[in-house]
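Peer 1: With the sequences and hints as input, model every part of the structure.
As they're listed, the protein sequences go chains A and B. Going letter by letter, the first sequence gives residues 1 to 355 in my numbering. Going letter by letter, the second sequence gives residues 1 to 355 in my numbering.
Worth flagging that the hints you see were computed from the coordinates, not collected in a lab. Here the structure is a predicted model, which is why all the values come from computation and not from measurement. Only true hints are included.
Because identical chains cannot be distinguished in the list, a pair is counted as satisfied if it fits within a single copy or across any two copies.
Listed below are the simulated DSSO-like cross-link pairs for lysine-lysine, each with C-alpha atoms no more than 27 Å apart in a straight line:
#1 17 with 42
#2 214 with 315
#3 103 with 315
#4 355 with 80
#5 84 with 50
#6 14 with 27
#7 214 with 103
#8 183 with 279
#9 183 with 96
#10 27 with 42
#11 50 with 80
Protein chains: 2
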Amino acid sequence: MNAIINDIEIIKAKTTKINDVDFDNLKFGHVFSDHMLECNYKDGKWHAPKVVPYHPITLDPSAKIFHYGQSVFEGMKAYKDADKNVWLFRPLDNFKRLNISSKRLAIPELPENYFMDGLKALLEVDKDWIPTNEGSSLYIRPFIFASGNGFHASPADEYKFIICTAPSGAYFSGELRVLIEEKYSRSANGGVGFAKAGGNYAGQFYPTQLAIEKGYQQVIWTDDNTHEYIEEAGAMNIFVRINDTLITGPTSDRILDGITRKSIIELAKAEGIPVEVRKISVSEVVEAAKNGSLKEMFGAGTAAVISPIAGFGYKDVDYELPKLDDTYASFLKKRITDIQTNKVEDPFGWRFEVK
Amino acid sequence: MNAIINDIEIIKAKTTKINDVDFDNLKFGHVFSDHMLECNYKDGKWHAPKVVPYHPITLDPSAKIFHYGQSVFEGMKAYKDADKNVWLFRPLDNFKRLNISSKRLAIPELPENYFMDGLKALLEVDKDWIPTNEGSSLYIRPFIFASGNGFHASPADEYKFIICTAPSGAYFSGELRVLIEEKYSRSANGGVGFAKAGGNYAGQFYPTQLAIEKGYQQVIWTDDNTHEYIEEAGAMNIFVRINDTLITGPTSDRILDGITRKSIIELAKAEGIPVEVRKISVSEVVEAAKNGSLKEMFGAGTAAVISPIAGFGYKDVDYELPKLDDTYASFLKKRITDIQTNKVEDPFGWRFEVK
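Peer 2: Structure follows, in structure tokens:
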């Protein structure tokens, strides 16, 4: 007989793969836990999700995901504290953003209980997959895609919402050097840049490959019209520290409203760090690098939390960031991960216990 | 034993679905023929394609197509003439554009013989599926998507190239009214708008839904920076006739290099129609509509060939196009489809016999 957790039906896998996993040497998003949440939209509504064994997905070749890129996703992490309690970080914000993304991609919005109760049931079933090693976590990937069929370029009539989880180590390793982009762009005014839409990521791969060939790891995206303002760093939001002020660009229809981004802003302000949310011009960053007032740059996102940038290239010139002993990046990363993993008080109410 | 056509291995379907199809009442891209071409990229190279029975595709939930929108496609048509000979229209141009799209999406480029010989073998096997009714054709959908696995936001290591075909009737029915977009955009400078990338289409669905709610069928896309220039019509290129001059915008990294578009330009010039390829401002179109010099607007693309526009909306005002007896749209559509279906000479060398 199948179990029920939080009103969610559970169909358990007959065997576990967990004994094949080396938890001391986890890559990012490479091995997947025993179960997944599956929820189908059909006949005009979302049907109750189920926790089922991790299994392949079978689709008609005319399924619209293959042709028209109608998909959205989220990225989250689950942590275990010393007492084996399980924690999420601001999960309702991921749920809300998923629906914001869905709306822009003409995907039907999902009921909150299907997302939250489904996620909690999945984590309950696969809680042994949450790593406890320092720097590791269970990466959670909720996603929705068009599973309905037909070559007409219009929204699908069927969708799948799935949550998979992957015990994961660090997203980046080694020093991160970035190239400020002068030609390619990530998003348009009035486009889908603010959404976590699949197509936003595919469009970044080729310019990023070109940057990698030049010796960088990521691209700093600039506005598509003038390339004079920095917008995002790879698939992360970007922060710049000039003297003692931490600066990040405002969200817009081109820039993702990152949950790590807004947490950093709130945390930095609470810690007395001067924060400015305003447009950042490339010339300002280059000038600050030249005169020594550019102290730090870092990317912020769920996968990597905070990724310090060691240097950047612009118009065939490389600029090195100083190597400081005490950085905002390391201070803020420790504060956030300590909150995420229940090592310190959480005055913001961000931590969410799964029970 | 399996047959070989043009070096392509053929695995035939055991039964045919063709007797279930009402060829007199075909929708667009809704029923699919008995076979498909399938070709896999793995271990750093494309492997020889095969014609196989039309069948579902099975993927891991972490396949990158679900998460990062890494996909491209093409649209083509096959026609049968009165002697049952099978014709394509400029197929090498589709092949070349597929690789141009792939490059921008960081998808490995495909060898020409895999595309052309595979397509010819597929059409040979499913030639009975090519409709002969006026206005119908076998719509051909070549597409490539990321089938490799993993949550890291980087290009996949495995891809599938598939060609499916669908006997199809008209793409649009009824009068086409369009809304000139003032807020949303289709593509960015330095983005992927020139590519037939899946994500370009998903991003159009929501603004198009809003236009449909207002009583229009499609959106006329404008540039994302100023919204002052018209760029595309739905998923088609756009042409405007002011007095006797036919005008279309220049291709760019935001505008698709449409095969129907460039055929219309060449054909119109050969027929002595004055043609201008230049930016078209919204104010110019509105002014021409007001003073009566705007004679025609139409969309151009493979699916609909030429779609006359009956009227457009802009800033809450509706403009009607005149109802002319002799239009460039109907003249050019007849010329192109007569060439496509081998009813007239083809001085351009566009027609391509499948044999």
